[in-house]
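Student: The listed protein sequences derive, respectively, from chains A and B.
For the first sequence, our numbering gives the first residue as 1, with consecutive numbering after it.
For the second sequence, our numbering gives the first residue as 1, with consecutive numbering after it.
If you are wondering where the hints come from, they were derived from the structure by calculation, not from laboratory data.
Some clues are possibly wrong.
With the C-beta cut set under 10 Å, the calculated list includes, among others, these residues of chain A facing chain B [unchecked claim]:
| no. | residue |
| --- | --- |
| 1 | Ile-306 |
| 2 | Gln-436 |
| 3 | Thr-502 |
Mimicking EDC-like on lysine to aspartate or glutamate, the simulated pairs with C-alpha atoms at most 20 Å apart in a straight line are [unchecked claim]:
| no. | chain 1 | residue 1 | chain 2 | residue 2 |
| --- | --- | --- | --- | --- |
| 4 | B | Lys-160 | A | Asp-310 |
| 5 | B | Lys-237 | A | Asp-157 |
| 6 | A | Lys-393 | A | Asp-406 |
| 7 | B | Lys-161 | A | Asp-310 |
| 8 | A | Lys-283 | B | Asp-240 |
We put the beta carbon where it would ideally sit given N, CA and C, even for glycine.
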Amino acid sequence: MFMQFPEKLTGKRNSRVKACIVLLETMMVCSILLWMPPFTLGGEADTGEKSTVYDSFDDFRNHFTSYIKWISYDVFLQPSPSTLNPDNKLFNIPGNFLTSEIRADFSLDMDKMFLVFKPRINASWQRWEDGPQADQEETKTDSFVYEWLVRYYVSSDLIASYGRQNLQWGPAYLLSPSNPFIQNNGQSNPKREVPGMDFATLLWVIDPSWSISTIVNTDQGGNKPAFTLDVSNIHFIGKRSFPDKGRSPIGEGDVRNQIIDILGLDTSFEPGYAIKVDFTGFKKYFSVIGSFKEYDRARLGGYGGITISDAMLLYAEASYTLGSEALYPVAIPHFPNQSILMKSKDDSSELLGMTLLGGTYTLENGMTFVLEGIYNSEGYGNEDAERYYRLRKQAADLYDVPYIRDLAKLVLYQAANTRLRLLRRHYLMAQAYRNQIYDTLNLAIRFTYNIDDGSSQLIPIAEYDIGDHIQAFLVGQYNMGPIDSEFRTLFDHSVMIGVQYTF
Amino acid sequence: MKTRSAITILCILGLFLSVLATCSNADEMSPKQILQLADKARGNYEGVKWTIYIDSTENNEKQERYLNVSARGYDFLAVLTNPSKVKGQKLLMVDHNMWFMKPGVKKPVPISSRQKLVGGAAYGDIAATNYADDYEAEVLPSETIDGEDCHVFRLKAITKKATYDEIQYWISKKRLVGIKAEYYTVSGKLFKTATFEYNHQIAKDNPAPFISKMTIVDAIAPDNITYLHYKDSELVKIPDSMFDVNLLMNR
Numbered sequence: 001m002f003m004q005f006p007e008k009l010t011g012k013r014n015s016r017v018k019a020c021i022v023l024l025e026t027m028m029v030c031s032i033l034l035w036m037p038p039f040t041l042g043g044e045a046d047t048g049e050k051s052t053v054y055d056s057f058d059d060f061r062n063h064f065t066s067y068i069k070w071i072s073y074d075v076f077l078q079p080s081p082s083t084l085n086p087d088n089k090l091f092n093i094p095g096n097f098l099t100s101e102i103r104a105d106f107s108l109d110m111d112k113m114f115l116v117f118k119p120r121i122n123a124s125w126q127r128w129e130d131g132p133q134a135d136q137e138e139t140k141t142d143s144f145v146y147e148w149l150v151r152y153y154v155s156s157d158l159i160a161s162y163g164r165q166n167l168q169w170g171p172a173y174l175l176s177p178s179n180p181f182i183q184n185n186g187q188s189n190p191k192r193e194v195p196g197m198d199f200a201t202l203l204w205v206i207d208p209s210w211s212i213s214t215i216v217n218t219d220q221g222g223n224k225p226a227f228t229l230d231v232s233n234i235h236f237i238g239k240r241s242f243p244d245k246g247r248s249p250i251g252e253g254d255v256r257n258q259i260i261d262i263l264g265l266d267t268s269f270e271p272g273y274a275i276k277v278d279f280t281g282f283k284k285y286f287s288v289i290g291s292f293k294e295y296d297r298a299r300l301g302g303y304g305g306i307t308i309s310d311a312m313l314l315y316a317e318a319s320y321t322l323g324s325e326a327l328y329p330v331a332i333p334h335f336p337n338q339s340i341l342m343k344s345k346d347d348s349s350e351l352l353g354m355t356l357l358g359g360t361y362t363l364e365n366g367m368t369f370v371l372e373g374i375y376n377s378e379g380y381g382n383e384d385a386e387r388y389y390r391l392r393k394q395a396a397d398l399y400d401v402p403y404i405r406d407l408a409k410l411v412l413y414q415a416a417n418t419r420l421r422l423l424r425r426h427y428l429m430a431q432a433y434r435n436q437i438y439d440t441l442n443l444a445i446r447f448t449y450n451i452d453d454g455s456s457q458l459i460p461i462a463e464y465d466i467g468d469h470i471q472a473f474l475v476g477q478y479n480m481g482p483i484d485s486e487f488r489t490l491f492d493h494s495v496m497i498g499v500q501y502t503f
Numbered sequence: 001m002k003t004r005s006a007i008t009i010l011c012i013l014g015l016f017l018s019v020l021a022t023c024s025n026a027d028e029m030s031p032k033q034i035l036q037l038a039d040k041a042r043g044n045y046e047g048v049k050w051t052i053y054i055d056s057t058e059n060n061e062k063q064e065r066y067l068n069v070s071a072r073g074y075d076f077l078a079v080l081t082n083p084s085k086v087k088g089q090k091l092l093m094v095d096h097n098m099w100f101m102k103p104g105v106k107k108p109v110p111i112s113s114r115q116k117l118v119g120g121a122a123y124g125d126i127a128a129t130n131y132a133d134d135y136e137a138e139v140l141p142s143e144t145i146d147g148e149d150c151h152v153f154r155l156k157a158i159t160k161k162a163t164y165d166e167i168q169y170w171i172s173k174k175r176l177v178g179i180k181a182e183y184y185t186v187s188g189k190l191f192k193t194a195t196f197e198y199n200h201q202i203a204k205d206n207p208a209p210f211i212s213k214m215t216i217v218d219a220i221a222p223d224n225i226t227y228l229h230y231k232d233s234e235l236v237k238i239p240d241s242m243f244d245v246n247l248l249m250n251r
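Just chain B, with the same shape it has in the complex (with noise of 0.2 Å):
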């Protein structure tokens, strides 16, 4: 009897060390270590492929593009595949420059980035994310979303490669995974806000939740509203010519 009871005692307090263990470790993770996990849910800095189904309602017109992507950091090449309208028209992001193509004309011309994509959403939303190498991230005070407790960080680029000069990142402690963001302008002024699932598996070995919607509301119109719906998602390693402007004729 006594020995059951020493068991039982035991594995209570074996489950309540690991726990507390587990607790710690969270709570002993640096900014950039939590970021690098949610950067994780959100893509691969050595490569990606997707298909992204975009969902946009921007002052009552309403607009749908499916693009099959493959990125790398903040490269990508990305094929529109429906509406038929836009069937085959690509556009290429390397290092900061953008080509878009459109099939017939051949020759790609370079865009700007105020060329817009689609509805709310930026060029750096279709690609992947790397926010743990290139903002610094500020502690802010835990907060609980939908009922999830929440690291809070304001994150300010230190790269001119980052697509957003702020970020306000809301992290869920108990997934690791980045369930909100709110995108500032350099002058500080709130322009956009993105809430993210996570319904999709990635790693077959060691299953891992993965990025499957991104909504975007427009902070001044809040009726504008975008959503990204992540599919057929592969990580893989992209050879540098699939980024080369030479190739994009034909691709």
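One chain only, chain A, in its complex shape (with noise of 0.2 Å):
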């Protein structure tokens, strides 16, 4: 019912066949792509040089580009005693995760299209210390297509482009609210993937200042929902409350459907469309961003920033819609004490979003602190939060009692499947890093301060190149607070441990 922790973690799939199917798709296109007539880039044209018929391996090879990294870790995790996962029992966290993994990046430049093709292989081995496989130990292997793009060049400056992306933008180091498709920035730890989605996208470059991208998400690709729940399995008081499968677009649905919209249960992929007006000025841009998913609002976005010196630069990101989809604890009439997750900001006309305001100061000897402040006008006050852990303790306490077991694993799973990027309002992010420190030190340390709730998370990155190919590093996760704290979900602390040798 549960995914496997660490695939969420990952985003690895058991992709093999799907693999093969996107390789056969991209060489099919490029197939057809490459018999269509040759052209150049315009600018390239001019030269009369290239050709996109390769006269020689030797000229093959100057437009083929591989990286090819070996890496290789072992994470250490403490789960929380949170009420979110009671006794490890819910998410299945394994203390140990061990993973060796291969990574290629291959990408063919042929002047007219771009070709991208990143396989991964790996094998892992988990170990659980509590929960339901305490004491048990699990070995995988696994294969996947971790991004393939293929890009054309309609003109030099109007490009199409089809794939699968982990599609990142916007300036901000915590998170970027201003990309509506992909969350996770990939920040907090730098040798961990951030899995893609598959885009479809069509950018202009009207002239070196400004360009217009439409934006178009087809499909989930890697970068499945942390946690899933079959609905139609759940059972309440020894019955199947929701026999089928699949849902309804919103309006069309019989009560099942409108029951499992309003309870946030449905997994199902939204198809995403965005449309982003860049603009690069002379030390500033900005980015506005225009989206919405096919169950769900409109949605306006967009991030900014200026050079106030050679060391200084501030920047903002900012996304902001009407009502919201997230889940809010909402108290059940006549019964004190008792709430109920559900979307009962839908229909909701308040402006509702975060902004993030951050700048980064740069010293002579390269050391950088970055500051960041967060409002996120749609998160948990302190009445939704007080209800929101209220409600998560008694589904805790009523997870092992029969019958109504399946009841409170829904109420958990609503609660880790807020839709809330962040759960509160109020945030302070510190970080300070310095890369190459005598051409082989790397250093970053984050603090991330919830100040509605005084929880806190502190991430410490270290990498150290052993030679021109070998880097050992260390990636931490340091989770404070009170147990029923944001940052103290799931776990306590991790610590990943590596290396990785770069061919």
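Mind docking these for me? Both chains are given alone in their own frames, and the hints should help you get the complex.
Tutor: Laid out in structure tokens, this is it:
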């Protein structure tokens, strides 16, 4: 019913068949496009030197880029004793997770086309210290395509592409509110790849300052939901409560689908659409992003930044919408202290969203300090939070009670998937980093503080180059605060130690 | 006999006049024209692609980097190709907004120009130069550098886009290429000196000298030396899309 925890961490799938299909699709598309009449980029056409068909292997090699890395790491995890994961029974977080992975990035630049193919092969071993698989071990292998892309230059300034991408933008370090598609920006752990989604894009570069992108998110790709719940298999008091799977568009569904929708139990993928307008000017830039998902509302986001001096940058990111798709704890009439998580602001016209303000300052020696503040009006206020944690505790207490165990599981599933990027409203993040110390050492330390519940997160990152090819690394995560607080929801701490070899 | 003498005299006279004309042309050229010719040997405002090998020694620490650079004006995209530990890292500068991307992390992050490239090299050193348009030239008395007569100019930035605030620039009178530069801070303090070599020729039909090496010496610590070796230079018109940050993730 719930996915294995390491898969949530890595986004890995048993996708050999899918990988082969994607590879075949890529090859077919490439073959078709290669047969089309060759042309060169507008600028490069002037030289008249480049052609699409390579005269020799050397010519091909000059357009082919490969980047191959072997990475192995061991992650030690200490699950938090929070009410969201009672005795680690729900999320089944392993105490030790060892992985060895080959990451290959291939690209081929053919003037009118640019191809990317990034296969991954890994083997992993994990061991549980507690939870339903306490003292058990598991070994498995996996292979999948992390990213692939076909980019076609219709002209030098009109570029179409399709593929699986980890599409990122925006200047913020902690998270990128303006990105409606991918929530994790990968900055908290440089060794863990953020799974990509399938996008079709059309970019029009109007001039050096302006460009417009249209983006269609066609599939969730490797970016599956962290935890899924099969609602058709939920039993309330011995009965299957949602006997059928699937969903119908809002307005066309039956009562079952409406209940599933309002309780936020649907996990089906929603195609998304966005238009992104970018401007770059002297020492400043901004982007405006309008987006919507098929079953969600329209959203307006954006980001911008300015260079104050050669040492200081300021930036902002935001995203706002009317109402919210998030789940909020709603008090049940006549039942004091009882509440239910539901999309209570689905029909609201309240302007809700997130604003992030940040800045960086770099010292002469390259040490850079980052400070970010977030106001998340979509998040829970004190009263909501109190209800939310009370509900979580009630569900955790009932988790082992026969007949209503599935109800407890459902509530905890809802609590883990509130659809909020950040649970509360006010946050501060401070980070310091310095790269290439003595040309061998990269250091970073990040501290994030939830002003509302007092919990915090400390992330130290160290990378040490042993020669030109080998790097040893450490990525930690220490979560502090009350047991029922945002940052102690899943782990108390985790430590990733590893080594990588770049060919 | 008389005819041969007359022809000889005429030839000598013609040669003398042509040399005189050449000299007077060079002397008559404005500082801006001289700077334009010197700029041509260090890139092209339409665009240049080159591979740069940077070899730096700073505080007895040696650093090496190979970069594939596509540059147009002050904008550039640099992809690090060697050593393996930095392979795939990318730097994008667009209108003095700079983005850095590490492979694996994917998300480009904005960085300030204080984030050093390598050793004493500034980001502007891996792009082409356009001193003729970006600086106002004050003519200083001519000097001789390594036996070569040079125009000497004090250049003061007239655009905020310029990499350096003030430069003293020595341009060979014979070859019309910059052979030495001193870089000064806003307060007039010398912070580095550079010398240039031009062992490449770039245009096939009308060969002209093109930069092959830049040697940068730190003014405060003269043992800190950075060499930039320019290779595989190619003058090309670079499209706007080359510098679009949306394409940086998969470039």
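Student: If a hint holds in the structure, say so; if it doesn't, say that too.
Tutor: These are the hints, each one checked on the structure:
no. : hint                    : in the structure
1   : Ile-306                 : 9 Å, holds
2   : Gln-436                 : 8 Å, holds
3   : Thr-502                 : 4 Å, holds
4   : Lys-160(B) x Asp-310(A) : 12 Å, holds
5   : Lys-237(B) x Asp-157(A) : 13 Å, holds
6   : Lys-393(A) x Asp-406(A) : 15 Å, holds
7   : Lys-161(B) x Asp-310(A) : 12 Å, holds
8   : Lys-283(A) x Asp-240(B) : 17 Å, holds
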